[in-house]
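The listed protein sequences correspond, in order, to chains D and V.
Numbers 1 to 158, taken from our numbering, label the letters of the first sequence in order.
Numbers 1 to 94, taken from our numbering, label the letters of the second sequence in order.
Simulated from the structure, these hints should not be mistaken for laboratory data.
Virtual Cβ for every residue (Gly too), placed ideally from N, Cα, C.
Just to be clear, a hint being listed does not mean it is correct.
Some, not all, of what chain D presents toward chain V, calculated at C-beta under 7 Å [unchecked claim]:
(1) Gly14
(2) Val17
(3) Arg20
(4) Gly23
(5) Pro27
(6) Asp32
(7) Gln61
(8) His93
(9) Ser98
(10) Glu99
(11) Leu140
(12) Ser144
(13) Leu149
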Amino acid sequence: MSQSLAQIASYVGGLTVYLRNLGAEVPEPVLDRYDSGEIGFAITAQLPGSNDPKPALITAQEIWQPTGTGRFERSEYGYDLIDYPANRRRAFHMHDVSEYLSRLGVTAHEHCEEVLGKPTCDHYLGLPVFTGYDGLNALLAAWSDPGPLGCAGLRCVR
Amino acid sequence: MQDKPFLSPNEIASELAVSASTVLRLIHEQRLPAIRVSERIYRIPVAAFEKYKAGALESPSPARVSAEVKKRPRIGAGERLPEAAEPIARVRSA
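Produce the entire structure from the sequences given, and follow the hints as far as they go.
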């Protein structure tokens, strides 16, 4: 769904405050303009709780392409949780879409590491994540759950 | 309470001396920040509850739009692209 620049700026501000109100430390957000004509942002949130060996981090990145009517559509995303205290990672990605489509037949993929840096599969089949809020909610739910991430139950696509 | 990273709605209810349903209403009305783990399970980070009690919850405001034009970043930079493999559709039909 296409959005105006002002709508996307409000959306980015909303994502930031959503994380801050959950206790995360998040710098002031900026909506960037790129030399490709696209716009986008990258938010990094330091989550509350243990900082041993480092605090858990969530990053949300999105790129929006112009639709030619002064509006933009989200074309790529990456939502990542690196949970350093629990030594694990979870991520939802959609980027390099043509490569992923031609090589794996999928547009979205996921990452899941029960042990950080030791994935048993490089890419898992991913379902599209509709908004940044959905991506953040899924990562926050994983972060708040002390049990396994459940990587073994995902479908490896290499 | 400080040692525990998350609180349940019941624990919040006890802290605030209200019912659990009141806490759930606060969550559904987005007045109390909470992480929705599943349809019926919510966890409230202690840091979020402290902000709530202190009246320090923020209201959203639009992000600044940069006037500077930057080089387009690459999402997934450093990530190895997948090897060409059997497409999912072919795997499914096998």
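Now for the hints, and whether the structure bears them out:
Hint status for glycine 14(D): holds, given a least beta-carbon distance of 4 Å to chain V, under 7 Å. At a threshold of 7 Å, the smallest CB-CB gap from valine 17(D) to chain V is about 4 Å, leaving the interface hint in force. For arginine 20(D), the interface hint holds, since its Cβ comes within 7 Å of a Cβ in chain V; the closest pair sits about 6 Å apart. Of the supplied interface hints, the one on glycine 23(D) holds, with its beta-carbon coming within about 3 Å of a beta-carbon of chain V, less than 7 Å.
Nearest Cβ of chain V to the Cβ of proline 27(D): about 11 Å, over the 7 Å cut. The hint is violated. Taking 7 Å as the C-beta cut-off, the interface hint given for aspartate 32(D) holds, the closest approach to chain V being about 5 Å. Taking 7 Å as the C-beta contact cut-off toward chain V, the hint placing glutamine 61(D) at the interface holds, the least distance being around 5 Å. The criterion of a C-beta within 7 Å of any C-beta in chain V is met by histidine 93(D), whose closest approach is roughly 6 Å, and the hint holds.
Annotation: serine 98(D) was flagged as interfacial toward chain V, and the flag is violated, the nearest CB pair being 11 Å apart, outside 7 Å. The beta carbon of glutamate 99(D) is positioned within 7 Å of a beta carbon in chain V (closest approach about 6 Å), and the interface hint is therefore held. A distance limit of 7 Å between C-beta atoms decides the matter here; for leucine 140(D) the minimum to chain V is near 5 Å, and the interface restraint holds. Taking 7 Å as the C-beta cut-off, the interface hint given for serine 144(D) holds, the closest approach to chain V being about 4 Å.
Look at leucine 149(D): its Cβ only gets to about 13 Å from chain V, farther than 7 Å, so that hint breaks.
Comparing the model with each earlier hint shows violations of hints 5, 9 and 13; every other hint is respected.
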